[in-house]
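Student: Spelled out from the first residue to the last, the chains are:
Protein chains: 2
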Amino acid sequence: MSVESSFSHLCLEDKIPDSSIPVKSLVFKPKTAKTATPVPIVVIALQSTVTPSPLISQATGLKDPRLARDELFQSFFKCESAKAFTVGYLSNCESPFHLLIDQQLEKLKDSDVLQLNETVYITKSKLFEFLSKFESSTQSVDFTQEVSKTAAQTKKTSQAPSGATSAAIEDAKLIGITVDKSLDFPGWYQQILTKGEMLDYYDVSGCYILRPASYAIWEAIQKWFDAKIKSIGVQNAYFPMFVSSKVLEKEKDHVEGFAPEVAWVTKAGSSDLEEPVAIRPTSETVMYPYYAKWIRSYRDLPLKLNQWNSVVRWEFKHPQPFLRTREFLWQEGHTAHLTAQDAEQEVLQILDFYAGVYEELLAVPVVKGKKTEKEKFAGGAFTTTCEGYIPQTGRGIQGATSHHLGQNFSKMFNVCVENPLGPEHPKVNVFQNSWGLSTRVIGVMTMIHSDNKGLVIPPRVSQQQVVVLPVGITKKTTEEQRAHIHSSAKEVEARLKKAGVRAFGDYNDNYTPGWKFAQYELKGIPLRVESGPKDIESNQVTVVRRNDSRKVVVKLDELETRIPELLEELQADLYNKAKELFDSHRVIVDEWNDFVPKLNKKNVILSPWCGVMECEEDIKDASAKKDDGEEFEQDEKAPSMGAKSLCIPFEQPELKPGQKCVKCSRPAIQYCMFGRSY
Amino acid sequence: MSVESSFSHLCLEDKIPDSSIPVKSLVFKPKTAKTATPVPIVVIALQSTVTPSPLISQATGLKDPRLARDELFQSFFKCESAKAFTVGYLSNCESPFHLLIDQQLEKLKDSDVLQLNETVYITKSKLFEFLSKFESSTQSVDFTQEVSKTAAQTKKTSQAPSGATSAAIEDAKLIGITVDKSLDFPGWYQQILTKGEMLDYYDVSGCYILRPASYAIWEAIQKWFDAKIKSIGVQNAYFPMFVSSKVLEKEKDHVEGFAPEVAWVTKAGSSDLEEPVAIRPTSETVMYPYYAKWIRSYRDLPLKLNQWNSVVRWEFKHPQPFLRTREFLWQEGHTAHLTAQDAEQEVLQILDFYAGVYEELLAVPVVKGKKTEKEKFAGGAFTTTCEGYIPQTGRGIQGATSHHLGQNFSKMFNVCVENPLGPEHPKVNVFQNSWGLSTRVIGVMTMIHSDNKGLVIPPRVSQQQVVVLPVGITKKTTEEQRAHIHSSAKEVEARLKKAGVRAFGDYNDNYTPGWKFAQYELKGIPLRVESGPKDIESNQVTVVRRNDSRKVVVKLDELETRIPELLEELQADLYNKAKELFDSHRVIVDEWNDFVPKLNKKNVILSPWCGVMECEEDIKDASAKKDDGEEFEQDEKAPSMGAKSLCIPFEQPELKPGQKCVKCSRPAIQYCMFGRSY
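Here the protein sequences come in this chain order: A and B.
Mapped onto the numbering used here, the consecutive letters of the first sequence carry residue numbers 14 to 691.
Mapped onto the numbering used here, the consecutive letters of the second sequence carry residue numbers 14 to 691.
Hints listed in this document are in silico derivations from the structure and should not be mistaken for laboratory results.
Take these hints with a grain of salt, some might be off.
It does not matter which identical chain is meant; a pair holds if it fits inside one copy or across any two.
Within a straight-line C-alpha distance of at most 30 Å, the following computed DSSO-like cross-link-like pairs (lysine-lysine) qualify [said to hold, decoys possible]:
no., residue 1, residue 2
1, K317, K91
2, K511, K236
3, K440, K137
4, K259, K330
5, K536, K317
6, K536, K236
7, K440, K139
8, K263, K280
9, K96, K306
Whenever a hint applies, use it, and build me the whole structure from the sequences.
Tutor: Written out as structure tokens, the structure is:
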């Protein structure tokens, strides 16, 4: 994948000029029917020029242009990625494209030197000489103009705050996040994950790669949760990923919930299997035949097994990294108890551990409660849950669930023991629980804390907690001074590591501190520790907090105590900020008239409720925006779906005497939390 | 699954008689063609009567009867397991069976009370009244007679030591291991794993359940190895389990090696997938397209990723727990380096870690070396390996492999970086390694250390290290004394736990100490700590080592130091014993005439070798026993296959000047280790 040599010859060789003007080359993909080949839009503009999507749309007549993904760069320009792209790759394109040139750029002097990326410089005249080859597709655009009304309407902005015309972040460089969290949340979410190197898209759709930055978070969760469950006597095991159809279909209610999403293996090598085998969507039916075999006597109880594994649910809905994926990592605990009471106690204990994962590790506040009959686990007795809240969309999100299965499964699978009262009494079916927490937690955490500069990761789970950077090296710095600054920073790094802080340093002189700041902000490293000449002189380091850019000076002799404190403070601040947002958007609504308006203000709603399933369905229907064509599909941007019951919170507002259900005329029996949800 | 009430009515109700005679009910399955329904053989005998398999064979005329698996109990007798079986279940059987009755049992008085299991008692007369229903299938057998020559020959004993006529262990109770390790190794291996609760058979064939006792060993290995690889800069990640056929087939040599065993998902729910997706048999082709994307500059190198996951290889050969399974757990590391030298250095570093897992954790000695061209990883440059040895079969076993892939894959997947010499030089393809260690290690460990009493697990990896048992409680013990013995034992348990020893106590008075001893020997708990009245009096405990039953008295004030020492001593003893066996069965053979005789004496062979692939094939052919019909199939019992090259050991015997290859006339270039193998 190379740039045509005709372009390289035009560039300045090797020497970096004293002054240059940064120029960006962006590529947009318009909205195109799936069957059609898109016509990419290339925009060459001053780095400082804002290039709103509606203006690009207006200039080209193409709908909803968005920054292209790397795949487009590869297929059209034989260029690996947006990051690597420069105008030189235009020669590689064999199909039509639009080329928009910033009028501000055209106004420069011919002799001005333009910087196209870190290493490529070219004079303005040579650039335009090169671009003249593509004259037929070229348009000159005034990006300072106002968007005409017609054009603005091609971009759907009805849900965005008034006045906003583009989700593009004004000063974002291509390397950073170019989409504003508050304006295009799904686009932002995708960028934050891929550019932050948490995750990559995979060529089997609905599957994603967990890169080290996200897997390390999962490892931190595993370590914490595994110790908790072992402390209550749970043991880990591993059951096969395959399940025969005969066994899978044993519990009817249960399998109905999963059947449409089950992936089937029907071939091995070139032979058809005699009987297709399913890949587990969850392991109740995999495990319980063996519970029946292993559990003989009440002395074998409780049996508490857990496994860390992956399961497959071949969803046909729009997949979303971490939140809805065809394969995902999780743990699934399956326990069997002699009494309902013992089982129910464990259900709540596990739910507390799940809330701990969210609140103590991920700094995400949750509301604990019970699912309604409609929303409970298929085949179980009741489901408890912790529910989170995503402020940007105002939607609730199910965090993790802990189910009491009662004796439903133990009857189906004949898991029973001799009656402790004696063999003359009938055998007793055991009481069972199952509970699971998946990598979805990482998605929730990311959505809540991260910002327009990139990831924000709570220190307790982040792979790296501190980046140490030598700063203040200029052209005037002597080699000796440079070495001293480096060695001071390295000593800081070594001391932090020794103190148990997950710290690393970046001593690469090829990048400016500014570039590094942006890099590590993008990756969400909680603290940046700068050590420059002034810091060294004052026996200190300058610490910058990722979450709010606040600077804190730390004396070197307090390094080992203050940095861990700062990490804990940051952790607490993240939690408190998220909690404040959740608390202020969880509103009590007693009257139906207030329900939808409050919901539309990105709240979740606590309402007195009758507990009747039909009423729950009525609430959902009545709170849904009506289908108005294309708008309706855009569930990511426009939460047009109705409010579901999220949970019946354990912590209940007091019900007034005679209080009616918020929706129907029946008496309310409890408050229920409703909301649009993921 | 109930016992017919006609039987229950005959039994003694509730009251446990003062004296009774234990009676066992065994069920054997004869060797039967796969398509035929077996005729089970039920043996009712005094607990003390030995019932050798050849005598049963002689009495019934059926071939090679073996103790039946639980599945047979379920399908024929509607009884969950061998453990639960009593004669009462005979009424449930709807197909023919043989009933053999011990003549010693027939000789008892009618009024004698027989104990059939923990709770079922019946008089002799009532038992025979019940059995008379099955008169037509009943035979009375004198188990004290000698086996006639004809009958003995129905059991193939050609590989067994002379004089042995049955693999059954004389005094084994049904709860323990009933097959002798030295006489029926595969049967023993199966019992040791299932009765020791390491593993259970699963209803999708070739898949097994890893129960907590084995999964805990895997966790101990994970913890150790994960820390080692992280110390050299490896990071964990997770890639999807699915791979598209297009990508899977990119590296031809590689896919050829795996294609016949690849499992394909072709359906989801009731819909056919547009394109079938494969389940990874290994992840080279899953990961490397993304390495190509992520690796831009030599500053991105080395890239070192690892994942802990499961892979699927749908083998059509005879599956064996841990050793050959269709799904297995492993780790796979995949690293990319700028130079061959850097990559090769890591290959060996990882191999040392693998040897460490075997030698330091599992107490299993291995020989490190390089695979021949014939045996190396498909598509790689070279493969290094650690090879183990199973004394009972005299076969080598591949322990774990660390591959250098050279640039083969990086060329296929275009993983390359700018030349560090400058952009005017051509791009450089990276050098890659991949390396994997699977749960097979648990099988190797089990085969080597365990014995006829059950599992023997090295203390460093065993889930529990010490069982504490109160002993010396008799009918004369007062309640106060009993309480004191219990509380003393509990204090020992608590002190050990506090000292970091994985200890637990068993204070259940319903079982005798003898029963408990057998239980925990079966499960391989390294140390048994007994605390009885005499121990308490002398401020000591009595410790019994699982591996050799040696008793050691430990003073209470040395508890926290001596027990960990004893665990380490036991660990070392296991290793040394295994090493001695391996060392004494690894023999140097320079002349071909000695090769097969030495091989047949359960040795692996070190021979001077020419390094030519055809010669390697000749050695295999020439050392194979010829196909003589049925015998040939029995590869588990009779290692009739030829000797493969196991590795070219790094530690080489000195080659004599002019030394010829052991097989052909070419000059030898090195010693190679050959052996029959798994």
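Student: With reference to the structure, classify each hint as holding or not holding.
Tutor: Hint-by-hint comparison with the structure:
1. Taking identical chains as interchangeable, the C-alpha atoms of K317 and K91 lie at most 30 Å apart only when they sit on different chains, with a minimum of 27 Å there against 54 Å within one chain.
2. In this homomeric assembly, K511 and K236 come within 30 Å of each other (Cα to Cα) both inside a single copy, at 21 Å, and across copies, at 21 Å.
3. Proximity of K440 and K137 under a CA criterion of 30 Å is satisfied inter-copy only: 28 Å between copies versus 88 Å inside one chain copy.
4. For the homomeric pair K259 and K330, the shortest alpha-carbon distances inside one copy (27 Å) and between copies (25 Å) are both at most 30 Å.
5. When the C-alpha separation of K536 and K317 is checked against a cutoff of 30 Å, the pair qualifies only between copies, where the shortest distance is 19 Å, while the shortest distance within a copy is 38 Å.
6. Within a single copy, K536 and K236 get their C-alpha atoms as close as 22 Å, and across copies as close as 27 Å, so both meet the 30 Å cut-off.
7. In this assembly of identical chains, the alpha carbons of K440 and K139 lie at most 30 Å apart only when taken from different copies (26 Å versus 89 Å within one copy).
8. In this assembly of identical chains, the alpha carbons of K263 and K280 lie at most 30 Å apart whether taken from the same copy (24 Å) or from different copies (20 Å).
9. Taking the shortest alpha-carbon separations for K96 and K306, only the inter-copy value of 11 Å comes in at or below 30 Å, while the best intra-copy value is 57 Å.
The structure shown violates none of the earlier numbered hints.
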